[in-house]
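Taken in sequence, the protein lines are chains A and B.
Quick note on numbering: the first sequence equals residues 96 to 275 in my numbering.
Quick note on numbering: the second sequence equals residues 2 to 176 in my numbering.
Derived PhoX-like pairs: lysine-lysine, alpha-carbon spacing no greater than 20 angstroms straight-line:
1. 270/A / 132/B
2. 136/B / 105/B
3. 123/B / 270/A
In short, the hints are calculated from the structure, not lab data.
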Amino acid sequence: MNALSVLLAAEDPSQSHHWLFPEIGEIIYGGIASVAIFVLLYRVGWPMAKKALEARTAKVQKELDEAAAARRQAETDASNIRTALGDVASERSRILAEADAQAAALLNEGRARITAEVAELEARANAEIDAARSRSGDELRAEIARLSAVATGDAVKSALDDRTQQELIDGFISKVGAGR
Amino acid sequence: MSLTQVNSYVAAMFEVAVANDALAAVEDEMFRLARAYETNETLRSSLEDSSLPVERRQKIVEQLLGGKAHNVTVQLASMLVGTGHVALLPQVADALVKRASSEKQLEVAEVRSAVALNEAQKTRLADALAKATGKRVNLKVVVDPSVIGGIVATVGDEVIDDTVRTRLDQVKARF
Chain A
96 MNALSVLLAA EDPSQSHHWL FPEIGEIIYG GIASVAIFVL LYRVGWPMAK
146 KALEARTAKV QKELDEAAAA RRQAETDASN IRTALGDVAS ERSRILAEAD
196 AQAAALLNEG RARITAEVAE LEARANAEID AARSRSGDEL RAEIARLSAV
246 ATGDAVKSAL DDRTQQELID GFISKVGAGR
Chain B
2 MSLTQVNSYV AAMFEVAVAN DALAAVEDEM FRLARAYETN ETLRSSLEDS
52 SLPVERRQKI VEQLLGGKAH NVTVQLASML VGTGHVALLP QVADALVKRA
102 SSEKQLEVAE VRSAVALNEA QKTRLADALA KATGKRVNLK VVVDPSVIGG
152 IVATVGDEVI DDTVRTRLDQ VKARF
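Excised from the complex, chain B in its bound form (with noise of 0.2 angstroms):
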């Protein structure tokens, strides 16, 4: 997949939530359907699967993010099934979310963690981020059971890593 396709399907993304006013809520509903889409075989096979009508698979799209998300994010994304470049959804994603924070001067910081946080600790998690790397930020936090405990924040290329996973890999090597 070439790097023009995602920036045409970023571009034409972008204008259409700026459009609608909904660019917050949609690159914010984009980034968790691609980390959804990552992490779950059953979701991706099922939009990959060339063999479902492309209806059908629109319909999965559509009953996914139903009255959760704005429907211009569902109009999106069910756009991206329908022209069979579902596979792109990830990259169209980050790179949304790149530009919209880029537009409010902000710089992406992805955060993982094994579980959800509540809206107290993203708000001091984006402060403390910002505290330490010296820029605003945009958080994306991403529920993922693999790092077991802790979190794992991302700001550009600075990774600041206090997960369990980490530590006992530490200790596994020291094994």
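Chain A with its partners taken away, still in its complex shape (with noise of 0.2 angstroms):
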């Protein structure tokens, strides 16, 4: 309690010799401590505040320049991009035109084979029309020869009695004694 009666009582302005200026030493020592405080705020302070604002402008720089190859990435691949449609847009037409001509070709290729089968199956069905009617004609002819064999079997056999039997017989027996 003594001490800060003291230092209260140090402190009182009704204790300094004026009111407004301290003392000749304060001055003295105040102004000597400022003008240290100066010396090392200019040697110490100052080289690192240009440092740090140095390194905050290279950086700023820095970000600046990544933004403007950032851009130019841009602009080139927007450039590449547009470039890359009117490829696709020139793939796609000629990709159309292929397949205009290929449906062209293939049409036309068609029509032909049409055409030439059609002709195919005509003359075929001419060939075997005529061959049906040729066909007809030896068929008709093998049927009447083989029903007239039928009627001549028919006609043998019913007039061959047993009589007729032994005729044949003997009449082998008698040519071939007979030396055929």
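Grab the two chains, each in its own frame, and use the hints to assemble them into the complex.
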């Protein structure tokens, strides 16, 4: 408590020689201290601040450069995309043209093939009609021959009574015995 | 069916037939049985039907030949059925006839006719064939309705055909 009282007492303006100006000693010491602080700030603080400012400037510049590079890259990409879009369009046009050409070729080929097949079918049909006509004639002749042969056979068989059979046998024996 | 099997059967049958002094009858009856086997589908399918017991099939042979053929013929035919080689019957019979004929210096003359020949016709025909071919023949007559009329005779490689069937075929070919 006594120390506090002393301190308060020391701060008491009523204890100074002037209410505004400090003591000469305080001015000297305060001035020296202020100069020392300024020197210290100039020697130590200013380089640090300068360095920090330079670093900040470099960082900002770097970010600006990166932004510029990003912009250039974006512009390049945009250009490429525009080019690619142009290529796609031209490729699409080329493919469509090629497809149109192939379709036309297939159509022509199909028409030609169908025409040829129709012609071949017509020729084959005509040939088959002719063959059928000929075959019908041949079959008719063959059928007549077959029926004639059957009729002849039936007629011969009906005429072959036992006496005729014996005559055939005896005739065979006689013919073979006579040296055929 | 191998030729060896046929020859084995023929050799055995020949010996048995000779031993029983029945070669002429056996070879003739075997020949006729073989022709019946060839032409009669019912007989053939019955004798070849493996679902029928062998004894039953042998009974069919015995009933078919019994009283009409030599006992040796019946036994030999029954043996073929019993051994499961009835399908060899035509080959065996033909080979037996050929061997029997060969023993007698005869050539087999197979004659096909639409109707049966009487004994006089057979004799005259055998003589005529012998004269025509220069060989003594063992005549084997087969009644074959498919010839329609007339006769076709086969002596060795020689065929003498004077059948109505052949003439009709020629007429048919001319159509």
